[in-house]
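For reference, the chains in residue letters:
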Amino acid sequence: MTPSDARHPILTVENLFVELSRKKAVTPILQDVSLSLPEAGMLGLVGETGSGKTMTARAIIGLLPPGVHVKSGSITLDGSELLVDNSTAMREVRGVQIGMVFQNPRTALYPMSSVEAQMKRVLRAHLNLARPNRATRIHEYLRLVGIDDVRRVARSYPHELSGGMAQRVVIATSLLCEPTVLIADEPTTGLDATIQRQILELIADLQARFSLSVLIITHDLGIVAQYCDSVSVMNEGRVVEHGPKRQVLKSPAHEYSERLIAASDLRRIRRAKTSEPQ
Amino acid sequence: MRALRLAAGKLLRQISSASNHSLVWGALIIAALAVGAYLVPAISEFGAEAANPREALQPPSARHPFGTDRSGFDIFVRVFHAPRIDLSIVVLGVGIGAVLGSLLGVLAGFSRRFMGEVSMRLADIVQAFPLLILAIALVSLGGNSLTTVWLVLAFVNVPVFMRLTRSRVLTVREQRYIQASVALGNSTPRLVFRHILPNSLGPAVVQFGVSMGYGILTLAGLAFLGVGVQLPTPEWGSMILGGSNYITTGQWWISLFPGVFLAIAVFAFNLLSEGIEQAREVHAR
Amino acid sequence: MNAEAAIMNARQWLWLIAKRVIFTIPILFGVATATFFLTRLAGGDPAYQIAGPFATDEVIAAVQKQIGTDMPIGDQYAAFLGDILRGDLGTSIFTDRPVISDLADRLPATLTLVILALAFSLVFGLALGSFAAYRRGRAGDKVVRVGSFSALSVPDFWLGLVLLFLFFFRFGIAPGPTGQIALGATAPRDITGSAIFDAAITFDSAAFRAALHQLWLPLMTMVFIFTAPITRLARSAVIESLTSDSILFGRACGLPKRQLWAYATRAALPPVVTFVGILFSVLLSSAVLVEAVFSWGGAAQYAVNAIRQNDFPAVQGFVMAAGVFSVAIFLVVDILYRVIDPRVRL
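Protein chains in written order, with the numbering used here: chain A, -17 to 260; chain B, 55 to 339; chain C, 73 to 418.
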């Protein structure tokens, strides 16, 4: 794969405006948001709570909350426009072309069904597989996300799983139909510190193995520094800075990014690393 | 009393801070029923208990807008007269039940251990009975009088309010400001009356509207079975009973109009209750 | 699941049921005690009524001796509890038959009404409630909300009369208030006492049609009344589950609408099932009135008559039976809850 291929964008968001209308009052939520996720790359979308990161992700997969809608703009996936008013077409995009992972894995899984049962339903929604093949594929994907005791986990109900295990199942479920793009909305926020790292390593590993294009939403610049190729910074519904990771983290052009970096432990971490005795 | 004043003040603030159609309409309908109960009999040419066999079983007409029953009673005036009995007995019964139940609920919530458990098990037993059978049994055994009816309404509502207030008290007492108040060395009675009671009565007020509606239905249901209020006293349930034998021969008006008014009264109390709940929700946001 | 796990599972279920049954004993004991004292202390001595207004003291004393009210109240209570433990609810003063067989004859009629009403209300309530939840804020939702809220205010006995007027008198498509089996109609062989059930199990289609003809109006009355609260509860429960993370994840995985529908409705079941347990005793109360309107002849009507006649063994028997059924329903609800919701399993 040549470097120019890697920069070819698979998912682009251009001049996206999103607003909330409630009883005649209209509140802008996203203003002129543009993003570009390179094929087989990992883009970090950072910003503090309420900056519009999650809304951007939900606009991409067409699952904005009630009352919130796209006013104008364009979202293209592999060259085709997603912002067409066609819910059946969108259903073929979700899960098949774009997978999504959420913040709290334990509430994301359906509480009343076993892991295997709910994964089967996702499979059945998109792929025409024979019954035994479905089970095989589910077990294969559970193994893929680093679950050893596949049989037991497949039989388990979500409440019987630990947070990390649940997030692995969520990732396996969202990749089940082999999407090319994975959107991970704060995938580690609800997890213990030690588990966080395992999950991020898993995502990075899967990204490399399957040439996935990953949009990772986070407020943790450490994650960006370690795993992403490029980064977009959001503040108050706008993208205030975009660029390769190194450039943004080292010499932020926008004052807000600078403050964000200053507020994180990043500099301290880096300083500590550079001043390490040889 | 101070506790009640605080609770009332809180509620009034919650209500007045919201534009609330349910509440306004509920209150208006109830007020209209109460006023009508005195106004309509006063201006009508027929008495509420004046039999006139020569005009028996007449369908609705200009002279008798809702028709007459088998004794020639004018149904229009009786239907309007009825809230004097229906509303007053139910307000009295449910009101006493609510006050007693809420007080017991506060006690049960506060003395969590033995007393709490015992009283809750007693409440379980009362609530395990089918309400109407219990009420019929109590009314007919305790003497078929109006006093027994409101006593029974009070009795069956005590466990309802007790349960509600207790669970609310258990939540409220765990809240920070209560614990802060304890840490500051406030005395228990002060704590209960100044903080816990005013903040625990909200659900009980909402329940009051529901219980009123259900109480009216129970009173009318009892009367329909011939228990409690009886003809010729103008009361919706007994009037429906009076017309029940004529329904299969086509004299629909005798039972229809009292039932419509009964439903309107229950509806108004349900509205009121929903309005109060909405107001509390708006305020809580 | 292997055999060992299945046995473990069955054992846990049995243990759960056993625990619940043990737990209900004190409640039933309390119900029995309360019933006894309510009927004895408040009701006065029924011997006077049985003996009639002109009876001499000797006659009254003889009656008292016969029905046991000459004993001290404590002894009566002990005798009463002993009888209950032996499954003896006493002898009805007026029918002169064992209360337990009176009830056995009449309870099936009442239970037919109550259980069918519950089942239909549950189906309609869930359907309407989830429909409204999916159409939240739109016209369909408003219609369901206003309709169910208004239906809460309708008196059941009055609705029964109105329906009788319309469908019997006006349209002539329903029978009059003639009970389970119309006069002169084909009656099924009497096995349980529930006409429709007996007709069904004897494959007697003529009797089944006749019984159904008698049943539909009272059933419709109760279903109309009880669909309303279930609809309201189901609506709010489905709305809650529709806004949950798991539905959002399901949508993000591209699950079809039908599947999401099933997800949300199933997640809304536990609160609805719990509510059904509470609703059962309200339904019994309603059955009292509806039976009176339609001369249904079930246990509820029997109890009302018994109360009017101061037939205290019959009243006690009915209240005990109602208590047992309420407790049984609670047990069923408890088990159902666990079957539906894996999170509270055992």
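Fair warning: there could be bad hints in the mix.
As the list claims (entries may be wrong) - No farther apart than 25 Å at their CA atoms in a straight line, the calculated lysine-lysine pairs in the PhoX-like style are these:
1. A/Lys102 with C/Lys329
2. A/Lys53 with A/Lys102
3. A/Lys6 with A/Lys53
4. C/Lys214 with A/Lys5
5. C/Lys214 with A/Lys6
6. C/Lys329 with C/Lys214
Just so you know, the hints here were simulated from the structure itself, not pulled from any lab data.
>> Tell me the numbers of any earlier hints that the structure contravenes, in ascending order.
In response: 2
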